[in-house]
Amino acid sequence: MARTEHPQWDPVMVDIADYVLHTPIDSDLAYETARHCLLDTLGCGLAALDFPACTKLLV
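Counting from 446, one number per residue, gives the positions in the sequence shown under our numbering.
Fair warning: there could be bad hints in the mix.
What the hints assert, rightly or not - Ranges between beta-carbon positions, derived for each pair:
1) Glu450 <-> Tyr476: 34 to 44 angstroms
2) Leu474 <-> Thr449: 41 to 51 angstroms
3) Asp485 <-> Val465: 32 to 42 angstroms
No lab work stands behind these hints: they were computed from the structure.
Glycine included, each C-beta is placed from N, C-alpha and C at the ideal position.
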């Protein structure tokens with residue numbers, strides 16, 4: 446079986462991933478903002494289910 450060669454990741458993407466994975470979050474405001482963003486995203490997604498043009502994009 447041939448060994449699969451993986452392309453090098455873009456350095457900017459590596460920096461972003463490292464930041465996301467290894468930067469501690471010690472701000473209550475950051476967690477509250479993230480929670481509001483998640484709830485807004487879920488709400489928009491659920492509301493979009495009422496529109497056929499949106500639901501056809503899910504298939």
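Indices of hints not satisfied (ascending): Hint check: 3 fails alone, others pass.
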